[in-house]
Amino acid sequence: MSADQPRQFLHLTGSQEDCLRAAQLKLSQYRVTLWISNSSLIPEALSAKKARMVLGQEFDAVVFDAFSGLDVNALAAVSGSLRGGGVLMLLSPPLEDWPRFPDPAYQRFLPYPFTPVSVQGLFLKRFLRVLAKPLTVKAPAVDVKLGLNQTQVIERIIHCTTVLVLTADRGRGKSAALGLAASHLIAQGQQVVLTAPSRAAVDSVFKHAKLAPRFYAPDDLLLTLPTADLVLVDEAAAIPLNLLLKLVKAYPRLVFSTTLHGYEGSGRGFALRFQQALSEIVPTWQSLRLEQPMRWPQNDPLEALLYRLLLLDVEAAEVQGDFQAKIQYRQIQQVQLFEDESLLQQIFGLLVTAHYQTRPSDLQQILDAPNVSIHVLEQNQQVLAVALLSREGGFDPDLSTAIYRGQRRPHGHLVPQTLTFHAQLAGAAELVCERIMRIAVHPSVQRQGLGHRLITELVTYASAKAADYLAVSYALSPELLHFWQAAGFSLARIGHRKDTASASRSAVQIRALSTAGASLAERVLMNGPIDPACISSD
Numbered sequence: 004m005s006a007d008q009p010r011q012f013l014h015l016t017g018s019q020e021d022c023l024r025a026a027q028l029k030l031s032q033y034r035v036t037l038w039i040s041n042s043s044l045i046p047e048a049l050s051a052k053k054a055r056m057v058l059g060q061e062f063d064a065v066v067f068d069a070f071s072g073l074d075v076n077a078l079a080a081v082s083g084s085l086r087g088g089g090v091l092m093l094l095s096p097p098l099e100d101w102p103r104f105p106d107p108a109y110q111r112f113l114p115y116p117f118t119p120v121s122v123q124g125l126f127l128k129r130f131l132r133v134l135a136k137p138l139t140v141k142a143p144a145v146d147v148k149l150g151l152n153q154t155q156v157i158e159r160i161i162h163c164t165t166v167l168v169l170t171a172d173r174g175r176g177k178s179a180a181l182g183l184a185a186s187h188l189i190a191q192g193q194q195v196v197l198t199a200p201s202r203a204a205v206d207s208v209f210k211h212a213k214l215a216p217r218f219y220a221p222d223d224l225l226l227t228l229p230t231a232d233l234v235l236v237d238e239a240a241a242i243p244l245n246l247l248l249k250l251v252k253a254y255p256r257l258v259f260s261t262t263l264h265g266y267e268g269s270g271r272g273f274a275l276r277f278q279q280a281l282s283e284i285v286p287t288w289q290s291l292r293l294e295q296p297m298r299w300p301q302n303d304p305l306e307a308l309l310y311r312l313l314l315l316d317v318e319a320a321e322v323q324g325d326f327q328a329k330i331q332y333r334q335i336q337q338v339q340l341f342e343d344e345s346l347l348q349q350i351f352g353l354l355v356t357a358h359y360q361t362r363p364s365d366l367q368q369i370l371d372a373p374n375v376s377i378h379v380l381e382q383n384q385q386v387l388a389v390a391l392l393s394r395e396g397g398f399d400p401d402l403s404t405a406i407y408r409g410q411r412r413p414h415g416h417l418v419p420q421t422l423t424f425h426a427q428l429a430g431a432a433e434l435v436c437e438r439i440m441r442i443a444v445h446p447s448v449q450r451q452g453l454g455h456r457l458i459t460e461l462v463t464y465a466s467a468k469a470a471d472y473l474a475v476s477y478a479l480s481p482e483l484l485h486f487w488q489a490a491g492f493s494l495a496r497i498g499h500r501k502d503t504a505s506a507s508r509s510a511v512q513i514r515a516l517s518t519a520g521a522s523l524a525e526r527v528l529m530n531g532p533i534d535p536a537c538i539s540s541d
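Under the numbering used here, the first residue of the sequence shown carries the number 4, and numbering increases by one thereafter.
Hints should not be assumed to be uniformly reliable.
DSS-like, lysine-lysine: derived pairs with alpha carbons at most 25 angstroms apart [to be verified]: (1) 53 to 252; (2) 52 to 249; (3) 52 to 136; (4) 249 to 29; (5) 249 to 53; (6) 210 to 249.
Label-pair ranges, simulated between beta-carbon atoms [said to hold, decoys possible]: (7) 98 to 286: 23 to 33 angstroms; (8) 18 to 289: 52 to 62 angstroms; (9) 290 to 217: 37 to 47 angstroms; (10) 345 to 450: 49 to 59 angstroms; (11) 452 to 383: 17 to 27 angstroms; (12) 133 to 103: 32 to 42 angstroms; (13) 20 to 488: 25 to 35 angstroms; (14) 105 to 34: 27 to 37 angstroms; (15) 245 to 55: 48 to 58 angstroms.
Hints were generated in silico from the structure; no laboratory data involved.
As the structure is a computational prediction, the values presented were derived from the model and not from experiment.
No residue lacks a Cβ here, since even glycine has one placed at the ideal position from N, Cα and C.
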């Protein structure tokens, strides 16, 4: 096995037992192997839920058993552990049967009382359509010669005197570079601090650091401000911009790193926003880009295939034209996204750009979740804004009472259950809610009122669907609170705990659409005023 050899993809179909048997025969050719399966026939297998455990390891062959559930986040994750010359084997039911297969992975996004038979199987139909097409590997968007190799990046980090921003796609050795550079500096007697959205997010950094940097959660780091010669901020795109800028003002030497295209989210939109703000504080900041994969060759066919299957590298399309011209609202049916790949990529690319933690499983949910509806503003077939709604609540009185008492917690239904149990509003789960899961406006046309325009259309849609109220749940900030209040939403609840990564509390806001919804909003207000300290960005 060699990093300059292309990786292969092998799709085995049939009964589960036949596929497992064929994979076992094939695996005899490989030395270091990994099974992802729940089958009792493979005792050494890991479940998809434990796929993160293998990050940082390398394998010659990976077998992914889709009979146990096509967990696409896990599929994307373990593929990065496959070294050059290796093979990824996917086991599935026969092609004609697979879209109707009651996939256990559907439970991730299916709310009560839906079951896998409620799913149209559009994600799997598209998955098979992509597999059936000839694979043409595109040249990299950025010339590899213009990027740095890992050794050069390590040297730049070691000799950093200002702020560096390191970006890379997955598998380029970013975490290893941070760990090796940190270890070198610590050996020289320097104090190095590492922060990230979670300790688990930097496991790979610690695996490559013989001398480990001190880890702090972002909120603890800003609270304690420990002495540090260098601060490393990994997966910075998952940390709120205001916290990152506070770090810039607190420490002169920092390295911010983020993954541009990966299985846990995209940092493309973050990179644009952060770099603009950073330029105002530290005009001398420098950009580093890792291009060359560490475990497989450039233009690897397996990487290209997974990008196409899961839209891992999709971005918001460029928009052109006169934005004063007529802009139209449209509800998009899931089958339309399946039939129109360009429209699907526009919508998913916009969501990826606006929301860091947009994952492959979100693509699956958009295409298949029976309670999700898709809404856009567009002009000349260009999507300018998109919103996803999740229909929630509408429970019978007995189930609502059980939720209120803490006796039941049906899957999904975030806002109705939050208001019923946490806010102790008896009967709230009986009302029908349309929750705004995601809303995004194209960066080229932001701050022109399109967000509020789309919300107005959502009010009309939800009212026609007999919803009692619209709702949104988000990480509280003064800016977002102002936005939602300006859109007619009342603050219904603020969580008690701060998230360690965002240093923010969760918030729920609602906009009444019916008499019952208005009564609920009044009950929320009667619970008492909100403590201003909960809303402060400090």
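- prompt: Hint by hint, which ones does the structure fall short of?
  reply: 1, 2, 3, 4, 5, 6, 7, 9, 10, 12, 13 and 15
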